[in-house]
Amino acid sequence: MTALVADGVTKRFGGLTALAAVSLDVQPGEVHGLIGPNGSGKTTLLNMLCGYYPVDEGAVRIGEEDLSRASVQRRAAVGIARTFQKPRLLPTQTVLENAMLGGWRDTRTGFLAAALSMPRVRAEQRELRDRAQAVLEGLGLGYALKRRAQLLDHAESRFLEIGRALVLRPRFVLLDEPAGGLTGAEIERLGIVIRTLRDCGIGVLLVEHHTEFVFGICDRVTTLNLGRMIRHGTPHEVRHDPEVIRVYLGS
Amino acid sequence: MDFRRPLAALLLSLATVSTAWAESPIRIGWLSSLTGALSSAAVAENQGVQFAVEEINQAGGIGGRKIELVTYDTQGDPTKAVNFAQRLAFVDKVHFVIGPVNSGESLATVPIVAKAGIPNIIIGTIDELVDPKRFPRAFRAINTNRQWITSANDYALKTLKKSKIAIIGDTSGYGTSSAKTAAELLEKAGVKPVFSTLVDPNKTDLTDELAKAKAAGADVVMPWSAATGLLARLLNARGDMGWKVSIVGHPALMAPAIRKLLNKPEYWTDAYAAGYVSMTAGADGKLPAATKSLVDRMRPKLGGAEIDFMFWWVALGYDTVHIVEHAVKKAGGTDPAAIQKALETTSDLKGVYADYTWTPQDRNGFPDVGVVMNLADSFKDGTYRAPKAP
Amino acid sequence: MLEVRDLVVGYGKAAVVHGVSFDVRAGEFVVLLGRNGAGKSTILHALSGLIPKRGGRVTFEGADITAATARKVVQAGVIQVLEGHRVFHSLSVEDNLLVGTYVRSPRGDRSKLDRIYAMFPEMAEKRHDAASRLSGGQQQILAVAQGVIGEPKLLILDEPSGGLAPIVIDRILDVAAQLCREGMSILLVEQIVEKALRHADHCYLVDTGRIVGDGPADTMLGSAALHDAYLGRSSG
Amino acid sequence: MSGTSLRPMAGSVAVLVALATLPWWAGDQYQIHLAALIAAWWILVAGLNLVVGFGGQLSIGHVGLLAIGAYAFAILAGRHDWSPWIALAASGGLGGVCGLLLGLPSLRLPGFYFAMATMAFALIVAELVLALGDLTGGGVGLSVPGFPEPFESPAGHYLLMLGIATIITWCAWNVARFPWGRALVAIRDNPVAAESVGVPVFRMKLAVFVASGVTAGLAGALFASLQSYITPDTFVFELGLFFFVCIIIGGRGSIAGPLAGTAILTALPELVAPLAKLGTLFYGLLLLAVVLLVPEGIGRLFQVILERLRPRETASPVLEPDAARLAAAIRRQERP
Amino acid sequence: MLGVLITGLAIGALYAATALAYNVMYSTSKVLSVTTGHLAMLGGVFGAWFVTELGWHPVPALFASLAVGAFAGWLTDVIAIRRVLARSDEHLWLLSTLALATIVQQGVALWWGTEPKPFPRLLPQDFTAGLADQKYWLPIGTTIVMAAALELFYRRTLYGKLFVAMSEDAFAARARGVETDRLRAISYGIAGALGALAGFAAGQLTFAFFAVGLTLTLNGFIALAVGGLGSNVGALVGGAALGLLNAFSANLIGGEYQNTVSVGLLMIVLLLKPEGLFGSRRVRPV
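Protein chains in written order, with the working numbering: chain A, 148 to 398; chain B, 3 to 392; chain C, 15 to 250; chain D, 102 to 437; chain E, 18 to 303.
One should not assume that every hint holds.
DMTMM-like cross-link-like pairs, simulated, lysine to aspartate or glutamate; straight-line CA separation at most 20 angstroms [unchecked claim]:
#1 A/K293 x D/E421
#2 B/K117 x D/D129
#3 C/K209 x A/E390
#4 B/K262 x E/D143
#5 B/K182 x E/E273
#6 B/K160 x B/D370
#7 B/K352 x B/D370
#8 B/K190 x B/D370
One-sided excerpt, in silico: chain A residues whose CB lies under 7 angstroms from chain C [claimed, not checked]:
#9 P184
#10 G328
#11 H356
Far from chain D by the CB rule (all over 10 angstroms, computed), these chain E residues [unchecked claim]:
#12 L109
#13 R138
#14 W154
#15 T159
#16 V181
#17 E185
#18 D186
#19 A187
#20 L287
Rather than coming from a laboratory, the hints here were simulated on the basis of the structure.
In this text the structure is predicted, and so the values were computed from the model without any measurement.
Glycine residues also receive a C-beta, built at the ideal position from the N, C-alpha and C atoms.
The whole structure should be built from the sequences, with the hints applied where relevant.
What follows is the structure in structure tokens.
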């Protein structure tokens, strides 16, 4: 099976080393947790996996394919989808249209074909609409398909972002603090969604502060502190690791 | 402008569709750039047009028919001018169109008015505006640009007896084409300009251009630009440099607005601009009788004091209405074909601004002898003086 | 001294802080604990007037400051040191400190510098260096000093430890404890639990925008509530 | 959607029929001329709308592309006696090429920089039209031929322009409703999110900018033949501002809004003389009022009012994901 | 050639001054305002109005012009910036300042007229001074003094430091008790006064002309982008470079290609060094 691998990646901002030789792999059908105190480099790592920051050292790969220099768009095209800490939606568009945006990489039609409304453009549009609708209904957003995104509440926005990522037909989904701002019940439902992704063979990287949630759902957990990896293992191993407890609770 | 007027005109035209009776008014469309850039000439012309219409109507109209004037402000914008021309032709259904004032607008409207078959009195100076074949009913009342340039060239070559000429045009449409024509006409007379350049009309300083002209050995500078700011900067640069060189060129050189822009009043000396016989006081300080009479009649309208703008624009506006009057009388009505016939056989029609002659082959009514050179700084009460013979 | 009652804060449609109440008494060192994303910074920003509140009441020394602007809050004596060593990078150390005095004197007050330099000798050494040339730890100390020079009655420290070496954290917490002994009230928000509790008098636990527990600081360490709030309920 | 789109479709057809029969019910030729002018402006605005209203790139210099199209048509059809149809196509093509040349360097620039670059472009075109007098007639300008029968008469000319405007509107509407339009809106509202799903931001911006160059070129050619004579004074910078204002006032991200904006802003100063006198000042005041009061445009305002009038949706049901359906949806879309 | 140099520097000084005004407004709001050039235009037009038409002495006229400029700057903030910044949509401020600039320009055109009008002589000096004439040296000198004063203001006064602080981190500045709204309004007032001062000083060069504003908005921006956004030294260098380029190109290839040459300079700099000669590179936010 091909995994998404960060191999000794290093990132510097000016003189500051934000990440120092961090390695991590996300297997298909696995939920991989990434935790650590504020400023430990979690989001930086996620941004490097999906191409917003170039790597200074090390490499990002899927299987044998080296993606270290690939653009954000290229990484989306090979199946890396993500969500954002603060949901980034199109406020004036409907929920369905927002989700359909995720299917962009499957549109094969150029500008002219679209302008002339060629039959295959319409076929693509129909197919995409059906797909997005199915995903949204699976997520429980079926009642809001025609609502404008700016009218959604916080949990709905989070789920819609996940929906948009899924319409991309991803091999790997990177979730940036998906539980942030959710209530307990909503977090449980998020858990259902994430487990379903795993069961469908999608690799999930879960960057999250809500450690209880992370330990409950992940197959493996990586802990970062000050840009370095301090522990990597099963949730049980990590939560009882003295170094992790020290980082969180003090010596 | 009164917004009710177009509305009234609209209602009127609706009421009078296909019921033209003999006593119906003669409608004249007047396309004037009363606001916007380059509005000063139009405002003056408008005074003359309005005054002539009032005079004629008070005297009972033309053959018993009153004149009704439909004025539109084009703001110097060709797109607007075209819209208004369409409107005059098809909504207001006028019998005559006067204008527009600026050549750029006229170039766009003349074909439209011609297509509608309406007689058009042209008051722009660009050559392309008249063409007996394409626009058989367009008759020019003003001089052509060529007449100004020829007159200025003659003055420089023959009167001042100078042949090392520097031409300065501005980069506007008018400036580029005039500078080109000036150079062509000079070369036809066997003189090649020693220096020629185009300047942005808003360029802040012309010292550099003048220095180059001086270095090229020029003994007369001929600016072809209607931009008073640019001409003032030219005069200032000459004065500040202390260069004794004659300046001969476009009428805007003697526009009263320039006086305020000059560093010193004496910078205006030794500058000559193309002007009109009818607006030039003779050696005795007296204006031609027709001009004098119009000035006297209009002075109360113009505030009663000394006139502080070029009076010839008023005279031109005044004459255009009288050309219409002449044509209607001669044609015995407003039938466009008859009007055309009447105007193209008009010879030596006496006006205030000039005497006009049109023929079937030539739609330029303004006689060559109507243009003379004026002293730029001789402005007084709306008119000018001729330079003393050197 | 500071009383927060039923504070509600939210972004957009969603509430992030759901009715939080707590007190800071005069001369007390209070710590708010809770993992990241629990809503601690949001509470602090709201009570400092930096973001709007949606409900509740905040009083300071008996005066209602619920609707006060950030400037009014600072003038009343509540000064917050933001997380993430936010200093003004292109200004020198001294200029950063002078900006801190603005709230008390609109032209800047140099007379207060000496006391600060005495308290933070490492700042005196670098007084003319641009703040961008300081290390992360030094920047955090400068940020604290910038707050202290504004003469707060209540100093709020939002996660001063973020991303810094242990020695710096100790230094900052020592300073805070000293200020507290001199009579200033301290409200500290932290993730580094043990160190924070060592200095504090009273502790509140925050989770998902609510206060989930409180008590004297010395009884909190090792408590199940604390462990749960950080690493989740032990389920296996 | 396909079921509900019948009503707007019927409305569009009705409007189109009304417009196509305008020459038979219009009061006079002036109204036809005005309608033709609106059609010409709309052809440009329809393309520009994809750039400004959908893609969010604030170009205030499209008057430069308009001038290029107009002069290309005047020179090719007028001076070189090309067939007007070929000249029209060439004008559109040249507009597209110039759009490409302008877009390649400038579309990478951030907002204000891009706006200034387009403004500078308009000024450069104006400058070159004068400087290259041998080609363009300089300040004197060029006379422009019309189209052959049956499009020679004002009514025929109008119908030609209406036809082209209808096709362009249809194309713009297609772009807007297919994934392209959503991707453009994403580039406008949230470029980071657009990138994250693989939208090639720069390439798309360039594609619509080139398309807007083509429509500007076509509009220029048609406008020139409508005017029958063009001079540099026609293509002033304020005209570029006018197109831009039509879109902003009509509302970003909609087709009908800017169409209505173009029609109203072209006709209003003609019908209400005091507005004509205020001219550009009026556009400035209108723009400021819209930006401050209804930043999403007047078209959007109507949409919001309509939504208000409709019965409010009751409170959201609980967000309840269905694992089985979700799994089915994910499995269904797996690649072969 | 010396003449070309000095005329180029004189007009370049006006561009540089406009770029400085851009910088002052940008520092507190991160907004580039389309009205910037119009502030200088107002300085020229009102200066001429006070002296020529109202007959005032140049000194009170100068201060009154500065007041007009400061008021116009303040108005820019109140009308076009404050409400728009609160909505945090970066498109909107471009639209609102563009609208305001159009209103100001057309308003002046209606009131003052569209013809250039003379600007009075400020210092007693004969007109035959040639290159030593005040119309060259006033804008050059004023701009240099202006830049020096701005540097002093930023370095020596607390308000200057507050501007810098606000430009770096407005949220942190608010936490220090800085009233960012008031400070921004002050900075717009200062920028307005600076612009008006530049327009006043260069009045004899430009005349009092309504269309100067848009030209300066563009050319001041080019100077700013070439020199580097946010840098006052860059503004001076960029302005001088652009002025000299304009003057020499007009001298060597004629006046027909002014804008083409200026924009060519802009494009070359943006391609080779997008942050400008003295600007700092911006980090991309995610």
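The hints, checked one at a time:
1. A/K293 x D/E421: At roughly 18 angstroms apart (the allowed maximum being 20 angstroms), D/E421 and A/K293 satisfy the hint.
2. B/K117 x D/D129: Given that 20 angstroms is the threshold and the Cα spacing comes to 15 angstroms, the pair holds.
3. C/K209 x A/E390: Given that 20 angstroms is the threshold and the Cα spacing comes to 15 angstroms, the pair holds.
4. B/K262 x E/D143: With a Cα-Cα distance of about 17 angstroms, the restraint between B/K262 and E/D143 holds, given a limit of 20 angstroms.
5. B/K182 x E/E273: holds, 14 angstroms
6. B/K160 x B/D370: Satisfied, since the Cα-Cα distance of roughly 16 angstroms is no more than 20 angstroms.
7. B/K352 x B/D370: holds, 15 angstroms
8. B/K190 x B/D370: holds, 18 angstroms
9. P184: Hint holds; A/P184 Cβ to chain C Cβ min 5 angstroms, cut 7 angstroms.
10. G328: holds, 6 angstroms
11. H356: holds, 4 angstroms
12. L109: violated, 6 angstroms
13. R138: holds, 32 angstroms
14. W154: Label holds. Min Cβ-Cβ 29 angstroms, cutoff 10 angstroms.
15. T159: holds, 25 angstroms
16. V181: Given a closest Cβ separation of 22 angstroms, the condition holds.
17. E185: Given a closest Cβ separation of 19 angstroms, the condition holds.
18. D186: holds, 20 angstroms
19. A187: E/A187 clear of chain D: closest Cβ-Cβ about 19 angstroms, beyond 10 angstroms.
20. L287: Incorrect as stated: the minimum Cβ-Cβ distance to chain D is 7 angstroms, not above 10 angstroms.
Checked against the numbered hints given earlier, the structure breaks hints 12, 20 and satisfies all the rest.
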